[in-house]
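Participant: Could you build all of it, start to finish, from the sequences and the hints given here?
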Amino acid sequence: MKTRMSKIIAVHSYKGGTGKTLLSVNLAATLAKQGKKVCLFDLDFRAPSLFAILKMENVQSWLNDYLNGACDINKVLVDLSSTISGNGKFFVGLANPATEAIRDMSAKDRKWEMRALGRLLSLRNALLNDGKFDYIIFDTSPGLQYSSINAIVTADLVVVATTSDRSDVDGTRRMLRELYNLFEKKTGLVINKVLDAASKSKRDEMDSKVKSIYQVPLLGLVPCFCDILRAEGNLIFVRDKPDHPFTKLLDEMVKKIEANDIN
Amino acid sequence: MNNEEAFGKKPLHVLEKIRESLERLNEKMEVMIEIQKHGRKDIMHPLTDAPVDVMTLLSMPDHLRKTAMTLCRCGRATAEEISVQTSRARAVESAYLNQLVIMGHLKKERKGRKAYFYADRETQG
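Chains as they are written, first to last, in our numbering: chain U, 28 to 290; chain G, 107 to 231.
Keep in mind the hints are simulated off the structure, nothing from the lab.
Only a predicted model underlies this, so the values are computations on that prediction, with no experimental measurement involved.
Be careful, since some hints might not be right.
[Claimed, not checked] Capping the alpha-carbon separation at 30 Å, the derived lysine-lysine pairs in DSS-like fashion look like this:
id : chain 1 : residue 1 : chain 2 : residue 2
1  : U       : LYS212    : G       : LYS213
2  : G       : LYS213    : U       : LYS135
3  : U       : LYS238    : U       : LYS213
Facilitator: As structure tokens, then:
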């Protein structure tokens, strides 16, 4: 049985450095390239990175301001549609990278977090219903951070970025059992930095491993691409390298998400 | 209003009061039945101010988490409205919602015959 369409997607992981931001940006850009109206939010308030990756300047209002109740969500959105080819719309909402803002967000209490959850939940109405957005994507902090769990509760689908690292496998398995399952969330797994991913035997091996260890659908296996490391965060691959295998992988992931095949 | 009208409405008013009392009694009984089913541990330590943040949701028993999460998404709802989304019986949702009120996680407000439940995000903190 197919469940509700995945309109709000949280990209999460157990550990840092698994490629969440790379995945979030390219997922959002792929959807926008395909003509969708997409909004990407940086919910990694402890280590904001979209500001630098998207080379932003003169941001008027931050996502921090919206969650603090200091402004409307429309003040936070920055239209980057002109940077993406096609008829889609690409908006971003950024986390404030200033040290003082990071410190401020780290000191929030649970009542503030509860109100922040209410504000995130209200985005469904404000953006999907009123703003006619097709997708909202949350790039989150790794692990059990309040802001990440708020994003997970708000989302329809959690895309979990993981690697073959032993501690990552163990932590991801625990989060599946003790976090995503408890909130009854649809979950899809992306295994990043896979060695020898081009070989069919390796892909088959990973596929059966995912089934036995995680028991959730595999959204994609991302090989360890030297090109991505060489780009040093300066490229949005799906936009700047349309023929790159990573771009093709993202197209495949989007197909699975759009087909609502993940339950 | 003449005497005849006033006289005619009085029994109605009394009946309305009796029905409201019976409904409240029924709600209390539903909560007691559910507590019996799931054990008393859910409400051993009722709190006067316990916001439904995500960490609290994580620590809740499964049956209450489902109700609390659905209400978080709705913002404000009756037991009937929650039951439509959870596909559980209205009486069950009513009992769970009242349990969450006793635990201090939710607030309840009556408007006429309907009881509305909500997480009090604005006044807490």
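Participant: Enumerate the violated hints, using their earlier numbering and listing them in ascending order.
Facilitator: none
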